[in-house]
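Undergrad: In order, the protein sequences belong to chains A and B.
Each position in the first sequence, counted from 1, maps to that position plus 345 in this note's numbering.
Each position in the second sequence, counted from 1, maps to that position plus 5 in this note's numbering.
Please note that a few of the clues may not be correct.
Chain A regions said to be covered by chain B (calculated; three or more residues, Cβ under 8 Å) [said to hold, decoys possible]:
(1) 346-357
(2) 360-374
(3) 385-398
(4) 401-412
(5) 422-428
(6) 431-444
Rather than coming from a laboratory, the hints here were simulated on the basis of the structure.
The beta-carbon is built from N, C-alpha and C at its ideal position, and this holds for glycine as well.
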Amino acid sequence: MSLTELLTFFLILAGAVFFLAGTVGLLRFPDVFTRLHALTKADNVGLGLVVAGLALQAESWAATGKILLIWLLVLLASASVAHLVARTALRKGIRPWKR
Amino acid sequence: MSMQVLYSAVALFLLLTLVAGLWRVLRGPTPADRMLAAQLFGTTAVASLLLLAEAFGRPHLRDVALVFALLAAVTAVAFVMRTWTVWEDDDVAD
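If we strip away everything but chain B, and leave its shape as in the complex, we get (with noise of 0.2 Å):
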């Protein structure tokens, strides 16, 4: 019993710190400060919901942190690679 209160209690402190983390994506200043609350989003999501699946019993919630875990790592691919990128010619050679 006292492993689900600090399972769910340590869950809500991440979701607190991902909350204070929204500060990053409001002030910038550039794109990729705005972006790094998305990797922020990432670890931090997948740990608090390992944590959750362990406290409620629920084992289907790890496969939602594989989710996240492969979504952020293509959201922030993505961003480089489409958004953020001048192409110039040497940028492409390598």
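Chain A on its own, in the form it takes in the complex (with noise of 0.2 Å):
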């Protein structure tokens, strides 16, 4: 196994720890807002770690780039969509969760 392949094979794995922070959080969390905050980072870190060990991998500099953007695409979105569902929220009346 050469380097590039073990540094690939760590980022995965950390990206699937995270995957199941974020889904871990979405369960077990107590409200709207707290699982937005799950979600939306842990599950962007978690698709970022795994990007980064297939870019290693990839055929191409064309890959590569494909695959950056994607995460790009993924990161603008779901954090423009936990600003409008947390405003929403909160608007609608629902009160942040306090101990």
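Hints given; two lone chains; assemble the complex.
TA: See below:
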């Protein structure tokens, strides 16, 4: 196993851990705001790590660029969606969770 | 070869976390909580499609991942704008 393959291996495994954290957060957190926090942060870090791992293995520079662009699109989209959903939830009178 | 096993195994694992996320669709309680599962589908499906593209040497799956990313964004925005927003006068103003 070469050095880049080893790096890909660890990046993808780390990404999987973040995805697991995101899903656990979605299932366990108490309200819509905290769930948004778990989803849009943890999952995008997970996707970023998986993308970084795969970009090392891509067959051409064009493929690497495409994978990175997909990640950027997802980042942009989920950041906007997180703010939209959170703002709408606040306006509809859903109170953020307090201990 | 071992890398292919890693890609497939992680893709399968991501699909399993998706299935676990469906529990939130069942429980709710608000429509936004259910919609968050669609957001989960966006990121997780993109990751597993990219992994499968690499595992089986099918670069076209990356285009599918791109479409998933676009659709997830459009779905969530449409949900917030059309079905979950109560239009009031001050809502339209800003």
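Undergrad: It remains to establish, for every hint, whether it holds in the given structure.
TA: These are the hints, each one checked on the structure:
Only residues whose beta carbon comes within less than 8 Å of a beta carbon in chain B count, and the stretch 346-357 of chain A has 5; three or more means the coverage holds. Remark: the stretch 360-374 of chain A is confirmed as covered by chain B, as 8 of its residues place a Cβ nearer than 8 Å to a Cβ of that chain, reaching the required three. Counting residues of the stretch 385-398 of chain A whose CB lies closer than 8 Å to any CB of chain B gives 7, which reaches the minimum of 3, so the coverage claim holds. Counting residues of the stretch 401-412 of chain A whose CB falls under 8 Å from any CB of chain B gives 6; the rule of at least 3 is met.
Check on the stretch 422-428 of chain A: 4 of its residues sit with their Cβ under 8 Å from a Cβ of chain B, so the three-residue criterion for coverage holds. Under a criterion of three residues with beta carbons nearer than 8 Å to beta carbons of chain B, the stated coverage of the stretch 431-444 of chain A is upheld, 5 such residues being counted.
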